[in-house]
Amino acid sequence: EISKLDTYAHIYSYGNRLVISEDQILKNLQGIQKLNEITVTDKLNGMHFSVEMETGTGKTYVYLRSIYDLNKLYGFKKFVIVVPSVAIREGVLKNLEITHEHFQNLYDNVPVNFQVYDSTRVSTLRGFATNNHIEVLVINIDSFAKDENIINKPNDKLNGQKPVAFIQTTKPIVIVDEPQNMETDIRIAAIQNLNALCTLRYSATHRNVYNLTYSLN
Numbered sequence: 669e670i671s672k673l674d675t676y677a678h679i680y681s682y683g684n685r686l687v688i689s690e691d692q693i694l695k696n697l698q699g700i701q702k703l704n705e706i707t708v709t710d711k712l713n714g715m716h717f718s719v720e721m722e723t724g725t726g727k728t729y730v731y732l733r734s735i736y737d738l739n740k741l742y743g744f745k746k747f748v749i750v751v752p753s754v755a756i757r758e759g760v761l762k763n764l765e766i767t768h769e770h771f772q773n774l775y776d777n778v779p780v781n782f783q784v785y786d787s788t789r790v791s792t793l794r795g796f797a798t799n800n801h802i803e804v805l806v807i808n809i810d811s812f813a814k815d816e817n818i819i820n821k822p823n824d825k826l827n828g829q830k831p832v833a834f835i836q837t838t839k840p841i842v843i844v845d846e847p848q849n850m851e852t853d854i855r856i857a858a859i860q861n862l863n864a865l866c867t868l869r870y871s872a873t874h875r876n877v878y879n880l881t882y883s884l885n
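Using my numbering, the first residue of the sequence shown is number 669, and each one after it goes up by one.
These aren't lab readings, by the way, just hints derived from the structure by calculation.
There could be a bad hint or two in this list.
Now the in silico label distances, taken between C-beta atoms and shown as ranges [claimed, not checked]: (1) Glu-758 - Asn-781: 11 to 21 Å; (2) Gln-860 - Tyr-682: 34 to 44 Å; (3) Val-687 - Pro-779: 18 to 28 Å; (4) Asn-876 - Asn-763: 36 to 46 Å; (5) Val-778 - Arg-685: 14 to 24 Å; (6) Asp-691 - Ala-755: 20 to 30 Å; (7) Asn-827 - Leu-884: 41 to 51 Å; (8) Lys-821 - Leu-774: 34 to 44 Å.
In silico lysine to aspartate or glutamate, EDC-like type, Cα no more than 20 Å apart, as pairs [what the hints assert, rightly or not]: (9) Lys-727 - Glu-846; (10) Lys-695 - Asp-710; (11) Lys-727 - Asp-737; (12) Lys-814 - Asp-786; (13) Lys-740 - Glu-769; (14) Lys-727 - Glu-765; (15) Lys-762 - Glu-846; (16) Lys-821 - Asp-810; (17) Lys-702 - Asp-691; (18) Lys-711 - Asp-737; (19) Lys-830 - Asp-786; (20) Lys-830 - Glu-846; (21) Lys-830 - Glu-851; (22) Lys-830 - Asp-810; (23) Lys-839 - Asp-737; (24) Lys-825 - Asp-786; (25) Lys-821 - Asp-786; (26) Lys-814 - Glu-851; (27) Lys-839 - Glu-690; (28) Lys-740 - Asp-776; (29) Lys-825 - Asp-815; (30) Lys-814 - Asp-853.
C-beta: ideal position from N, C-alpha, C; glycine also.
Based on the sequences and whatever the hints tell you, model everything.
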């Protein structure tokens, strides 16, 4: 049974939509792998794509720029950056602030909002879902990996809806920073629960490589 707010979230949210088949994505992936001189995979390992970059080579800049490019090329607007710690979360926020003007110059002043998830201000997730421009949410894995986290419990400020529903309804592109820290069963399930269109995984030290697209070694 769909609650009124579920309907609200679906009707009024602006989400990402994928209009090509997995067969086409596999062909595209294989083309990219050939171009980047990476072993070509013969089947798609889910909708996860790994980018390997040595530490200190500008990983955060690359994935922030990827957000703007994915918007410019394909119109995607909703992005969630999942980080393994508060320290990295603060670093990403700082990067978003200091690169903002640079990206505004490069991408014709495209409107963009970025926010850090705050469990005391869950109602800001309504804006993440319903605004029709680039929305970037930075969230620490520990904020949403457990059932008892505020984001996973019905909330009075959101008419009894779980805050996570406002993320799920947008089918966000999820960027995983340091994915080797997200490989426990609980964390894998938590990321899956975000209902991502796909996950883009950036690290120097991947534990598991899914559909490797680039290796800066």
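Results of checking the hints against the structure:
1. Glu-758 - Asn-781: 11 to 21 Å: 18 Å, holds
2. Gln-860 - Tyr-682: 34 to 44 Å: 22 Å, violated
3. Val-687 - Pro-779: 18 to 28 Å: 23 Å, holds
4. Asn-876 - Asn-763: 36 to 46 Å: 26 Å, violated
5. Val-778 - Arg-685: 14 to 24 Å: 19 Å, holds
6. Asp-691 - Ala-755: 20 to 30 Å: 41 Å, violated
7. Asn-827 - Leu-884: 41 to 51 Å: With Cβ atoms ~46 Å apart, the hint holds.
8. Lys-821 - Leu-774: 34 to 44 Å: 40 Å, holds
9. Lys-727 - Glu-846: 10 Å, holds
10. Lys-695 - Asp-710: This hinted pair holds, its Cα atoms lying about 9 Å apart.
11. Lys-727 - Asp-737: 15 Å, holds
12. Lys-814 - Asp-786: OK: Lys-814 and Asp-786 at ~16 Å, within 20 Å.
13. Lys-740 - Glu-769: 17 Å, holds
14. Lys-727 - Glu-765: 16 Å, holds
15. Lys-762 - Glu-846: With Cα atoms ~17 Å apart, Lys-762 and Glu-846 stay inside 20 Å; holds.
16. Lys-821 - Asp-810: Holds. Lys-821 to Asp-810 sits at ~15 Å (cutoff 20 Å).
17. Lys-702 - Asp-691: 17 Å, holds
18. Lys-711 - Asp-737: 26 Å, violated
19. Lys-830 - Asp-786: Roughly 14 Å between the alpha carbons, so the hint for Lys-830 and Asp-786 holds.
20. Lys-830 - Glu-846: 27 Å, violated
21. Lys-830 - Glu-851: Violated: Lys-830 and Glu-851 sit about 25 Å apart, past 20 Å.
22. Lys-830 - Asp-810: Since the Cα atoms of Lys-830 and Asp-810 sit roughly 17 Å apart, the hinted pair holds (cutoff 20 Å).
23. Lys-839 - Asp-737: 18 Å, holds
24. Lys-825 - Asp-786: 14 Å, holds
25. Lys-821 - Asp-786: 14 Å, holds
26. Lys-814 - Glu-851: This hinted pair holds, its Cα atoms lying about 15 Å apart.
27. Lys-839 - Glu-690: 16 Å, holds
28. Lys-740 - Asp-776: It holds: about 10 Å lies between the C-alpha atoms, which stays within 20 Å.
29. Lys-825 - Asp-815: With Cα atoms ~18 Å apart, Lys-825 and Asp-815 stay inside 20 Å; holds.
30. Lys-814 - Asp-853: 11 Å, holds
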